[in-house]
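Model the full structure from these sequences, guided by the hints.
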Amino acid sequence: MGDSIRLADLQVLGADERAQILTRLAERAAQPANGRLDGAVAAIRRFEAQYEMSSAQLSMKLHRGEIRETAEIAKWLFFISVRDRVERKARSKRTK
Amino acid sequence: MDQFVRSGFVLQDGLVLSVFGDEYLSIIGVIDCVDDIRIEVYKHIPVVGYKGKEPLVQTESYSYNAVLGGVGNILRYDSPHGDIHNPYHHKHVYDVLNGDQDGETIRVDEEGWPTLGAMVLEVSDWYYDNWQTIQQRKTSPN
Numbered sequence: 001m002g003d004s005i006r007l008a009d010l011q012v013l014g015a016d017e018r019a020q021i022l023t024r025l026a027e028r029a030a031q032p033a034n035g036r037l038d039g040a041v042a043a044i045r046r047f048e049a050q051y052e053m054s055s056a057q058l059s060m061k062l063h064r065g066e067i068r069e070t071a072e073i074a075k076w077l078f079f080i081s082v083r084d085r086v087e088r089k090a091r092s093k094r095t096k
Numbered sequence: 001m002d003q004f005v006r007s008g009f010v011l012q013d014g015l016v017l018s019v020f021g022d023e024y025l026s027i028i029g030v031i032d033c034v035d036d037i038r039i040e041v042y043k044h045i046p047v048v049g050y051k052g053k054e055p056l057v058q059t060e061s062y063s064y065n066a067v068l069g070g071v072g073n074i075l076r077y078d079s080p081h082g083d084i085h086n087p088y089h090h091k092h093v094y095d096v097l098n099g100d101q102d103g104e105t106i107r108v109d110e111e112g113w114p115t116l117g118a119m120v121l122e123v124s125d126w127y128y129d130n131w132q133t134i135q136q137r138k139t140s141p142n
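Protein chains in written order, with this note's numbering: chain X, 1 to 96; chain Y, 1 to 142.
Since the hints were derived computationally from the structure, they do not count as laboratory data.
Treat each hint with caution, since some may be false.
[Unchecked claim] Simulated coverage check for chain Y against chain X, where a stretch passes if three residues somewhere in it have a Cβ under 8 Å from a Cβ of chain X:
(1) 15-23
(2) 55-63
(3) 71-82
Quantities reported herein were computed from a predicted structural model and do not represent experimental measurements.
In this text, a Cβ means the ideal position worked out from N, Cα and C, and glycines have one as well.
Written out as structure tokens, the structure reads:
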């Protein structure tokens with residue numbers, strides 16, 4: 001089993017096998033995000049290039065009502081949230 | 001999700017559960033539904049503990065967007081976007097069958113943000129409530 005599974009495939013498994021897979025994925029989730037965090041950052045960069053503005057500028061424009069929160073913008077904001085939460089968690093681990 | 005597949009509303013569950021790392025999992029993908037409705041899902045889920053060997057998870061960041069293909073957004077639930085723009089759970093509702101592209105943003109309280117299953121049910125209810133209009137649009141799109 002790799003690091004991912006389709007939910008539809010998980011659904012058809014027996015309860016024990018499903019539990020084993022979820023436990024294995026959760027244990028693997030304890031490893032550093034590394035490449036996957038890079039993926040979130042890359043998604044943010046793509047949106048910044050597409051809209052020709054930084055994420056900070058996006059926040060200000062949304063706050064001022066100069067830009068609408070479309071579905072695409074919501075995806076951008078999702079990846080920003082993911083990046084920020086993971087980085088914040090990593091910082092708090094380092095300071096402990 | 002199984003109940004929605006059995007009912008015929010969901011045609012294909014394309015969601016994928018992946019390891020993200022740093023104690024996070026993610027669920028990303030598209031749920032294809034009848035009449036070109038699709039639900040785009042982005043979820044970021046920390047593992048918050050274990051009950052015995054069973055991992056306990058809690059959705060932290062999410063965006064669930066329901067789209068009527070070729071027409072527009074039906075509704076979308078989003079988690080808080082940070083400190084200055086919509087810093088709370090919220091819902092965007094669109095009068096999509098009347099050409100609404102802007103939608104209305106409604107704040108959702110901490111107890112009110114939905115599970116993905118609840119979101120799919122809401123979209124399903126919307127579909128069946130508007131079934132006749134949707135079918136009329138298909139036969140005479142203008």
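Legend entry - 8 Å C-beta criterion, at least three residues: is the stretch 71-82 of chain Y covered by chain X: holds (count 7)
Legend entry - Outcome, coverage of the stretch 55-63 of chain Y by chain X - at least 3 residues whose beta-carbon is closer than 8 Å to one in that chain: It holds, with 6 qualifying residues against the three required.
Inset, instruction - With a C-beta cutoff of 8 Å, work out whether three or more residues of the stretch 15-23 of chain Y approach chain X closely enough for the coverage to hold. - result: Since 9 is at least three, the answer is holds.
Of the numbered hints listed earlier, not one is contradicted by the structure.
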